Structure formats: C-alpha cells, structure tokens
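Work out the full structure: start from the sequences and follow the hints.
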Amino acid sequence: MSSIWNVAMLMVALVVVRISHWLYRWSNPKCPGKLPPGSMGFPIIGETLDFFKPCGVEGIPTFVKKRMIRYGPLFRTNIFGSKTVVSTDPDVIHQIFRQENTSFELGYPDIFVKVFGKDNLFLKEVFIHKYLQKITMQILGSEGLKQTMLGNMDKATRDHIRSIASQGSFNVRKEVENLVVAYMTPKLISNLKPETQSKLIDNLNAFNLDWFKSFLRLSTWKAVTKALKSREEAIQVMKDVLMMRKETREKQEDFLNTLLEELEKDGSFFDQGSAINLIFLLAFALREGTSSCTALAVKFISKDPKVLAELKREHKAIVDNRKDKEAGVSWEEYRHNMTFTNMVSNEVLRLANTTPLLFRKAVQDVEIKGKYYLEVIHMGFGWLWQGKEMIWGSKTFMAFGYGVRLCVGAEFSRLQMAIFLHHLVAYYDFSMVQDSEIIRSPFHQYTKDLLINISQSPTK
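Residue numbers (mature numbering (1 follows the signal peptide of the UniProt record, and there is no 0)): -19 to -1, 1 to 441.
By construction, these hints were calculated from the structure, which means they are not laboratory data.
All of these numbers come straight from a predicted model, not from anything done at the bench.
Beta carbons are placed, not taken as given, at the ideal position from N, Cα and C, and that holds for glycine.
One or more hints might be untrue.
Restraint-style ranges between C-beta atoms, simulated for each label pair [as the list claims (entries may be wrong)]: (1) W312 x R230: 30 to 36 Å; (2) E234 x E213: 45 to 51 Å; (3) A163 x K246: 30 to 36 Å.
Keeping only pairs whose Cα atoms sit at most 16 Å apart, straight-line, the calculated EDC-like set for lysine to aspartate or glutamate is [to be verified]: (4) K284 x E124; (5) K220 x E231; (6) K280 x E39; (7) K155 x D430; (8) K174 x E231; (9) K180 x E213; (10) K284 x E39; (11) K115 x E243; (12) K47 x D31; (13) K210 x D191; (14) K280 x E328; (15) K280 x E418; (16) K180 x E214; (17) K34 x D191; (18) K306 x D135; (19) K220 x D252; (20) K297 x D410; (21) K64 x E28; (22) K227 x E242; (23) K127 x E392; (24) K207 x D191.
In structure tokens form, the structure reads like this:
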C-alpha cells in the first residue's frame, strides 16, 4: 500500500514540477537577446482580460499607462494569446513603420481575420497595400474627393441635418453613420434596386465593433455572431451584383466598376472575394471612423464655448463671403478658409485615437535602440495646433497611420467632419440633451446615446 502511495506522490511531484517549469517558461520566454521588461500574465490568456478593462477616452489607456510607469515606454506582454511587445515610444514606432515589409509585417490576431475576412487585402503585405492605395485614391484621394465626392457629400449632409432638425433630439453618432452609408453606398455600388440597396445598407449598418469588448462576456460572442452574419449577408448581395455585372458587361460610374476592370488585368492582385471584401471594408471603415470622430467633436465643442464661438465665426464668414448664398462648400473653402476647423479636427483625432493599436510581426531579428532585441515571429483643445504645421503621419501625429500604411480614408474623414461642422455651426444652434461618457476598451464605446437638439440660427 505504501509503495502505491509513494508512486502517487512521485507522480504528483512530477506534475507540479512540470507545471512550474511551464509557468516559468511562459513568464520568461526564450530569446537570443534581451526582451523589454514586462509580464506575460496568466497562461494562455496572458493579460488579455486586463487589456479589455474599460478606461476613459482622454489620456493614455489604463492598461498601457500602468505598464509604462512600471516598465517604461517599451514592454512585453501577452494579449489575444500572442507574445507581444508594446511600444509607446514615437521613435520606435517610427522605426517600425520605416522597416515595414523588411523587418516587420502585419500580424493581426485570428479573431480580426475571422471577422473582417481572410480575403481582406488590407491585412496583407505592404506592396499589396500600396496597390490598394493607388486604386482607392481614385475616389478617396484629394482629386477624387474634389471632383466626384464633395458636391454629393455637402448636399447629403445639408439635407440630412435639415431633415433631423425637426425631429427633436437625435443621436449624433448614429445619424452620421446613417448619412455616410446612405450616400457612400451608391458611390461604391450604384444602380441597385431599392430593396437590394436597402438590404445592403441595413447589413452594413449592422456590422460594428460591439464584439470587441471582453472575450469572456456572453454578449460579446453574440455580437461576434451578429457581425459575422451581417457581413456574410452584405457580401452575398455584393457578390450577386458583381456576377450580374460580369455577365451583362454593364458599366457604371462606381467603385465596383473600377474593381471589375482590375479583375480583368493580367497579374491583378484581386480575385472576386478580395474585390468584394474591399468594398465591404471601405464602407465599414469610412462609416465607423467618421461617425466616431464627428460625434466626439460635437461632444468636445459643446463643452467649450470659446471653441464653438470661434467655429461659428469662421463658418459664418465663409457663408457671408459667398456670392451665391445657396452654394455649398467648395474645395477652396475647405482648403483655405477652415484653418481653425482643421485645428479642431486634429485635436479631436489626437484625443479620439480611433485606431489605438496597430499590430506588426517581426519577420527577422530586430534590435531596438541598441538595447532590446526582438526575435523573429514576436508579435488645450482646439488651439493646441495653432502655429504648428499639421503633417499627417509625422513621428508625433499618427492618427491616420504612417508612411505606406497611411489610411486611405484619412482625407475623406476630415472632409466629412469639416462639412458636418460647417452646416451645424453656420446655420444652426445646438445644445446637448444627453451627454455620454466615452470609454475605451480599447476602442470607443458610448455608455449611452449622445443626444443633441438643434434649431435654426436667427438670420441677420
């Protein structure tokens, strides 16, 4: 009996030793050089739960701030089941972007790939991203916005604000979402039957980031299922239209027609799946980023009378200087007469940080600042910008990414925000009916609807 007991105790001891060794290896991953300080958290899940803890939208996220205080601007952790080095050092981030496609490449967690689709070319190598930029800039670059988008954007915004002005209070973010999807859908895929367009818009609006909260909540996985279902149905609608266009050789002046022409070229990076997924992703990104920033701008402006007064002065001056008082916003007005508006936009983007994390994977051994060694396969509001050159993708301002990964919708979002603010402050007075706390976990979440009331400004 004693021998059986001794064997049992020996087995337990071996299991304990094995587990202890595994835990030690987990907390101290092997690396031929020196990794930054940090903690790998719990086995398997790492520090993912802590990463998802909600925090305020202003300032550095709590997860990052705590570790910056303890470890410095460069630290190691484990999130989404991946060993990760986090950098908040502008010089290091700048170095990573500069070495994209040499020392680093995109490396997103599996759940991102699943939700946004394996055909998503934006998650591919940098040379493909350059190819995508060239195509999408035809409608989202400065020239495309000026020639084909500005007029529709201005009219749609003016009409939309006018229609909701009589409804009483309204949810700013939701209305901007509806606005962007309504006028962008025909630009992406035009000449749809009313019922088909309605179905497509409903599914585009149903796809959101509600699933990106906490992996342990049941509601999160329900949101993932809903997102996947809405994406699948939207993709199916687009696929049907694409197949019909290919069969009939029908030509339309929309983005789908541009992609169909690309599909027919020799050596094209596109196939049917990636072309459709690009349209879907553009619709989502333009809606999500623009609505979030615009709602945040309205929230901040409503709390700062000086900023609101200066915006009203700037935009009423634009209207007063027009020969045709019924004319919409011109490209020259946007570029040359909205200086303060652009300063406000920059500050909103800085505070909003709508893309709070970017994932890169080391594809070769990397030395950081001669100190750390990453082994391959690791993973004053408004006036602040006065007198400063507002360069997108600089070392200290990367609201839209940097270099070859500069967001293709950057100019679009800024233009739409400027036009919405123009019509709101030049022609209307507004008041906050229901404020909302905004938390980050890590993307923006409004704890309740951000409601405002607007009324026509008295004429001179």
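Between K64 and E28, does the CA-CA distance stay at or below 16 Å?
-> 10 Å, holds
If you draw a straight line from the CA of K34 to the CA of D191, is it 16 Å or shorter?
-> 14 Å, holds
Hinted pair K47 and D31, Cα distance within 16 Å | Holds, at roughly 11 Å.
Could you grab the alpha-carbon distance between K155 and D430 and see if it respects the 16 Å cut-off?
-> Satisfied, since the Cα-Cα distance of roughly 9 Å is no more than 16 Å.
Pair hint outcome, K284 versus E124 [Cα-Cα no greater than 16 Å] | 35 Å, violated
16 Å Cα cutoff - pair K306, D135 = 14 Å, holds
Sort out whether E39 lies within 16 Å of K284, counting only the CA atoms.
-> 14 Å, holds
Are the Cα positions of K210 and D191 separated by 16 Å at most?
-> Holds, at about 14 Å.
Does K280 pair with E39 here, judged by a C-alpha cut-off of 16 Å?
-> 13 Å, holds
Straight-line alpha-carbon gap K227 to E242, limit 16 Å | Distance ~10 Å between K227 and E242 Cα, so the pair holds.
Is the hinted pair K280 and E328 satisfied, with a Cα-Cα distance of at most 16 Å?
-> 13 Å, holds
Does the Cβ-Cβ separation between W312 and R230 fall within 30 to 36 Å?
-> Between W312 and R230, where Cβ atoms are some 34 Å apart, the hint holds.
Consistency with the previously given hints fails for numbers 2 and 4, ordered from lowest to highest.
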